[in-house]
Amino acid sequence: MKTSFNPPSVRKPFGNYNHGLLAPAGASLLVTSGQLGIALDDTIPEDVTAQAELCFQAIGAILEEAGMNFADVIRISGFVTRREDFAAYMAVRDRYTLDPKPVSTLIIVSGFTRPEFLVEVEVTAARVMTP
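To convert, note that position 123 of the sequence shown is 182 in this note's numbering; the numbers rise steadily by one, no gaps.
What the hints contain is simulated information worked out from the structure, not anything from laboratory work.
Keep in mind that this is a model prediction, so the values were computed, not measured.
Note that beta-carbon positions come from the ideal geometry of N, C-alpha and C, so glycine has one too.
Please note: incorrect hints may appear among the correct ones.
Per label pair, the in silico range of CB-to-CB distance [unchecked claim]:
(1) Ser136 to Pro83: 17 to 23 Å
(2) Arg142 to Gly93: 17 to 23 Å
(3) Glu143 to Pro67: 31 to 37 Å
(4) Thr62 to Arg142: 29 to 35 Å
(5) Thr62 to Leu99: 22 to 28 Å
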């Protein structure tokens, strides 16, 4: 069982995340590369919501292959190219996160490997695996 930490001496989180999350002893750790909003057919949607959906779908597939799911995610790092995309990105993120909410960081970047990419997401997950 993960334990969340939101001390009263620290400002309440701005959104649906925790300030700290402790994974149990013996948990297996999965770290993903940043996932971009690109489909299998190499198409890239024009809006951040659709790109974020593709990012989280890819992360879901990686988690599943590792025997995990979004309940095991303990950290999300999101990167967007425009401040005005925060709300759209967070709406998608919040549909995928489960309790206890993971820790989360959202950063504005100047761009990615291709100018049409608007968002990139990476996660860390932890789960006690049964033999």
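Evaluation of the provided hints:
Roughly 22 Å separates the CB atoms of Ser136 and Pro83, a value that falls within the hinted 17 to 23 Å. Range check, Arg142 to Gly93: about 19 Å between beta-carbon atoms, so the 17 to 23 Å window is met. The hint said 31 to 37 Å for the Cβ distance between Glu143 and Pro67, and at roughly 33 Å that hint holds. Between Thr62 and Arg142, the C-beta spacing of about 33 Å keeps the proposed range 29 to 35 Å intact.
The hint said 22 to 28 Å for the Cβ distance between Thr62 and Leu99, and at roughly 37 Å that hint is violated.
The structure is inconsistent with hint 5 alone, although it conforms to all the rest.
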